[in-house]
Amino acid sequence: MKSSNTAAVVDKYRERIVNGPVLKTLIWLGTPLMIVQLVNVSYNIADAYWLSRYSDVAMAVPRQVWPSLMFFNALAMALSTANMALLSQYIGAKVYDKASEIASKFFTITSLTGIVLGLTYFTIRESIFKYIVATPPEIFNDVVTYAGIISFDLLLSYFMLTYSTVFQSIGDTKTPAIVNGISASLNIVLDPIMILGLWGFPRLGVAGAAIATVLSRFVGVIALLTFIKRKFPELKVGFTKHLGADWVISNLRIGLPVFIFQASNSIAFMFQNRLVNSFGVAVAAAFSIGFIIMDLADAMLWGFTASVAIMVGQSLGAGNLSRSKSVAWKALYSIALLTFVGTLLVYPARHFLVSSFTNDEIIYSEAITFIETFLFSLPFFAMFFVAMSVGRGSGHTLFPTLVGMVRLWGVRIGVGYLLAYSVGLGSYGIWLAMSLSNYVSGLAAILWLKYGQWNKPVIKKH
Numbered sequence: 056m057k058s059s060n061t062a063a064v065v066d067k068y069r070e071r072i073v074n075g076p077v078l079k080t081l082i083w084l085g086t087p088l089m090i091v092q093l094v095n096v097s098y099n100i101a102d103a104y105w106l107s108r109y110s111d112v113a114m115a116v117p118r119q120v121w122p123s124l125m126f127f128n129a130l131a132m133a134l135s136t137a138n139m140a141l142l143s144q145y146i147g148a149k150v151y152d153k154a155s156e157i158a159s160k161f162f163t164i165t166s167l168t169g170i171v172l173g174l175t176y177f178t179i180r181e182s183i184f185k186y187i188v189a190t191p192p193e194i195f196n197d198v199v200t201y202a203g204i205i206s207f208d209l210l211l212s213y214f215m216l217t218y219s220t221v222f223q224s225i226g227d228t229k230t231p232a233i234v235n236g237i238s239a240s241l242n243i244v245l246d247p248i249m250i251l252g253l254w255g256f257p258r259l260g261v262a263g264a265a266i267a268t269v270l271s272r273f274v275g276v277i278a279l280l281t282f283i284k285r286k287f288p289e290l291k292v293g294f295t296k297h298l299g300a301d302w303v304i305s306n307l308r309i310g311l312p313v314f315i316f317q318a319s320n321s322i323a324f325m326f327q328n329r330l331v332n333s334f335g336v337a338v339a340a341a342f343s344i345g346f347i348i349m350d351l352a353d354a355m356l357w358g359f360t361a362s363v364a365i366m367v368g369q370s371l372g373a374g375n376l377s378r379s380k381s382v383a384w385k386a387l388y389s390i391a392l393l394t395f396v397g398t399l400l401v402y403p404a405r406h407f408l409v410s411s412f413t414n415d416e417i418i419y420s421e422a423i424t425f426i427e428t429f430l431f432s433l434p435f436f437a438m439f440f441v442a443m444s445v446g447r448g449s450g451h452t453l454f455p456t457l458v459g460m461v462r463l464w465g466v467r468i469g470v471g472y473l474l475a476y477s478v479g480l481g482s483y484g485i486w487l488a489m490s491l492s493n494y495v496s497g498l499a500a501i502l503w504l505k506y507g508q509w510n511k512p513v514i515k516k517h
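Using our numbering, read the sequence shown as starting at 56 and increasing by one per residue.
Treat the hints with care, as some may be off.
Now the in silico label distances, taken between C-beta atoms and shown as ranges [said to hold, decoys possible]: (1) K284 with Y476: 18 to 26 Å; (2) P403 with V461: 31 to 39 Å; (3) V274 with S477: 46 to 54 Å; (4) A404 with I187: 29 to 37 Å.
Only pairs whose alpha carbons sit at most 25 Å apart, straight line, appear in this in silico DSS-like list of lysine-lysine [to be verified]: (5) K153 with K284; (6) K229 with K284; (7) K79 with K149; (8) K284 with K67; (9) K149 with K380; (10) K185 with K67; (11) K380 with K296; (12) K296 with K284; (13) K385 with K511; (14) K79 with K67; (15) K149 with K286; (16) K67 with K229; (17) K67 with K153; (18) K505 with K149; (19) K67 with K505; (20) K511 with K185; (21) K284 with K149; (22) K385 with K79; (23) K385 with K229.
In short, the hints are calculated from the structure, not lab data. Quantities reported herein were computed from a predicted structural model and do not represent experimental measurements. Glycine is no exception: its CB is placed at the ideal position from the N, C-alpha and C atoms.
Taking the hints into account, I'd like the entire structure generated from these sequences.
Next comes the structure, spelled out in structure tokens:
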């Protein structure tokens with residue numbers, strides 16, 4: 056990236072992130088991402104609502120598929136984390152040419168892996184849902200159909216994540232937020248048309264929901280590609296043959312813990328689904344409704360935690376260690392508080408929200424129990440998620456990864472199985488263990504931010 060108009064624009068973003076007031080900058084970076092998350096939540100709600108109009112249990116289909124998609128997206132998340140740390144720290148250090156070089160290496164690897172993994176997922180999806188997830192027979196065929204179409208979305212999501220990471224590393228969270236918002240809004244419009252068969256379209260059910268998602272994602276990728284060429288024309292993001300040992304080693308060191316975490320998490324979520332599915336399709340449907348409502352409560356969490364990684368990364372790159380620490384703690388308190396406010400708003404509306412998705416008394420009762428057990432643990436989950444973002448911005452990802460694995464495998468799966476079967480609490484034991492996992496990981500996050508050795512850069516100064 057040459058020292059021209061592009062460098063001047065990047066310099067402007069960098070100056071605000073490295074030297075601006077911490078909370079004000081967090082809000083500036085996080086608000087566009089929060090808005091797009093609210094749009095995404097609206098899409099999830101619309102998706103579930105129209106699927107519930109198609110069938111009482113069809114809304115459970117996307118939740119069955121999501122953990123396996125997460126597994127195949129694990130490499131993308133690892134690469135995004137490693138290159139977010141590298142890009143943001145080089146931008147913080149004003150080494151813009153190096154940032155441009157890293158962006159092309161990042162794009163090359165994500166493009167190739169997206170193609171390979173998309174094809175692999177399409178090929179083996181039926182075995183995943185038969186032998187690992189143990190999807191209830193009532194929705195098995197729909198799940199396989201949905202997953203087959205969504206495998207194309209897997210490839211597109213690799214491209215989307217690459218461009219979004221480059222924008223966000225610079226400090227431009229607004230552009231990817233607008234694009235994601237447009238994509239999600241298009242999905243909301245397409246859902247009833249594709250699912251229920253409006254305006255002459257065939258009634259496609261869950262296949263229609265998947266097609267709407269793929270079409271919307273494709274529009275988002277094209278839009279991001281167009282914007283990055285217009286806003287940062289000298290930031291050449293394209294294929295390269297020259298990866299270099301330093302870049303590979305840095306990606307392994309920073310990204311490998313994240314890959315292990317994401318892959319392990321996805322397998323844990325598949326087993327969690329298997330545990331939920333063991334109590335029947337009604338409990339699986341209630342689980343899906345509950346998580347849709349949880350998304351309403353923690354919508355602010357996802358936007359603001361991404362801004363934490365950007366600010367920590369650029370502050371460390373600029374050598375301002377006191378600022379990176381201030382960012383971490385102020386983010387922890389403010390995001391946990393915002394999430395708590397969200398829970399207070401959602402809790403009184405829980406009966407109305409659940410009844411909007413189902414008339415089945417068993418599903419309704421189970422969803423209410425899940426929400427009442429799990430909802431108020433979300434602020435502690437927010438604390439854990441802030442620590443994950445601090446690790447990603449600083450490049451020190453190992454400890455948050457270990458905490459995340461214990462949270463899922465030890466508490467959600469291990470304790471959940473014991474409470475559900477050994478203690479005899481049934482599905483309530485699963486909800487209880489899920490809630491406990493958030494409390495444990497939130498407290499661990501506080502201790503790591505206070506005593507952990509995360510507050511140092513991982514890049515070599517040029």
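(message) Run the distance test for K149 versus K286: straight-line Cα separation, threshold 25 Å.
(response) Satisfied, since the Cα-Cα distance of roughly 18 Å is no more than 25 Å.
(request) Mind checking the alpha carbons of K385 and K79 for me, to see if they're no more than 25 Å apart? (result) Given that 25 Å is the threshold and the Cα spacing comes to 11 Å, the pair holds.
(message) Just to be careful, I want the Cα atoms of K284 and K67 compared with a cutoff of 25 Å; is the pair within it?
(response) 18 Å, holds
(request) Given the hint that K149 pairs with K380, test it: the Cα-Cα distance must not exceed 25 Å. (result) Holds: K149 and K380 sit about 21 Å apart, inside 25 Å.
(request) Verify the proposed pairing of K153 with K284, using a straight-line Cα cut of 25 Å. (result) 18 Å, holds
(request) Take the C-alpha atoms of K67 and K505, compute the straight-line distance between them, and say whether it is at most 25 Å. (result) 31 Å, violated
(request) For the pair we were handed, K380 and K296, check the Cα-Cα distance against 25 Å. (result) 38 Å, violated
(message) For a C-alpha distance cap of 25 Å, please report whether K385 and K229 respect it.
(response) 22 Å, holds
(request) Take the C-alpha atoms of K284 and K149, compute the straight-line distance between them, and say whether it is at most 25 Å. (result) Holds, at about 21 Å.
(request) Please work out if K511 and K185 have their alpha carbons no farther apart than 25 Å. (result) Between K511 and K185 the Cα gap is close to 46 Å, so the pair fails against 25 Å, i.e. violated.
(message) I want to verify a distance hint. Is the separation of the beta carbons of P403 and V461 within 31 to 39 Å?
(response) 33 Å, holds
(request) With a cut-off of 25 Å on the C-alpha distance, tell me whether K296 and K284 pass. (result) Answer holds: K296 to K284 is near 21 Å, not above 25 Å.
Hint check: violations occur at hints 1, 10, 11, 18, 19, 20; the rest are consistent with the structure.
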